[in-house]
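A.B. asks: Here's the letter readout for the chains.
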Amino acid sequence: DQQVKQNSPSLSVQEGRISILNCDYTNSMFDYFLWYKKYPAEGPTFLISISSIKDKNEDGRFTVFLNKSAKHLSLHIVPSQPGDSAVYFCAASVSSGSARQLTFGSGTQLTVLP
Amino acid sequence: DVKVTQSSRYLVKRTGEKVFLECVQDMDHENMFWYRQDPGLGLRLIYFSYDVKMKEKGDIPEGYSVSREKKERFSLILESASTNQTSMYLCASGFSDRKYFGPGTRLTVT
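Quick mapping for you: the protein sequence lines, in order, are chains A and B.
Using the numbering used here, the first residue of the first sequence is number 1, and each one after it goes up by one.
Using the numbering used here, the first residue of the second sequence is number 1, and each one after it goes up by one.
No more than 25 Å apart at the CA atoms, straight line, and that leaves these computed lysine to any residue pairs for SDA-like:
{"id": "1", "chain 1": "B", "residue 1": "K3", "chain 2": "A", "residue 2": "G83"}
{"id": "2", "chain 1": "A", "residue 1": "K5", "chain 2": "B", "residue 2": "S87"}
{"id": "3", "chain 1": "B", "residue 1": "K3", "chain 2": "A", "residue 2": "I48"}
{"id": "4", "chain 1": "A", "residue 1": "K37", "chain 2": "B", "residue 2": "G40"}
{"id": "5", "chain 1": "A", "residue 1": "K56", "chain 2": "B", "residue 2": "R98"}
{"id": "6", "chain 1": "B", "residue 1": "K71", "chain 2": "B", "residue 2": "P61"}
Distance ranges between label pairs, derived from CB positions:
{"id": "7", "chain 1": "B", "residue 1": "F95", "chain 2": "A", "residue 2": "E42", "range": "16 to 24 Å"}
{"id": "8", "chain 1": "A", "residue 1": "Q14", "chain 2": "B", "residue 2": "K18", "range": "48 to 56 Å"}
{"id": "9", "chain 1": "A", "residue 1": "S52", "chain 2": "B", "residue 2": "Y50", "range": "21 to 29 Å"}
{"id": "10", "chain 1": "A", "residue 1": "K56", "chain 2": "B", "residue 2": "D26", "range": "31 to 39 Å"}
{"id": "11", "chain 1": "B", "residue 1": "M27", "chain 2": "A", "residue 2": "N57", "range": "23 to 31 Å"}
{"id": "12", "chain 1": "A", "residue 1": "F46", "chain 2": "B", "residue 2": "T86", "range": "21 to 29 Å"}
{"id": "13", "chain 1": "A", "residue 1": "D55", "chain 2": "B", "residue 2": "M27", "range": "26 to 34 Å"}
Calculated from the structure, these hints are not laboratory results.
Please read all numbers here as calculations on a predicted model, not as lab measurements.
Backbone N, C-alpha and C define an ideal beta-carbon position, used for all residues, glycine too.
Chain A with its partners taken away, still in its complex shape (with noise of 0.2 Å):
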């Protein structure tokens, strides 16, 4: 069973445009999420992130909004480029428990067209 979710697997977006990816989470016990960038034969990298005690965050052209009641954040890139073209994965963690592990959501492969 997945806890965090990404149900576009995919996105094109025109360059200069806001690209907008979501993420949907079940664990209500997750308080702290983030956003990591995947670049072909690369590992991932860290995005932004947001803790559950806010409600928006924002570094440059990304900013991640998080719902707690509906258990949604999305990531909005405003304006896009062809360099973010990317996998963008959303994960999550809790609290509790020992090193803070995450879990990651599927992916959403972002494609920005120039």
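Position chain B against the provided structure of chain A, taking the given hints into account.
C.D. replies: Here is chain B on its own, set in the frame of chain A:
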């Protein structure tokens, strides 16, 4: 910059072989992790370690074991490789929630 290195980028092994995947990190992190990435399934945690000689099972430990003899090194062992272990293997280290990943090892078992 945090650096996590993995011993091989590509590996081809035969069914039944014993396979070692090595991972080294240079940031003195206590926590290290092994994930596998498969299409449509994302990253799934195999094993993790929160200290030298300490290990815990992740979500899919069957068919794998690990070794952590030194803080900077975390090894994943496939005792008898099977074709369903063909996958991308990613090592990570980190503290708190942020993890730093290595480039991955693409393992093919034939």
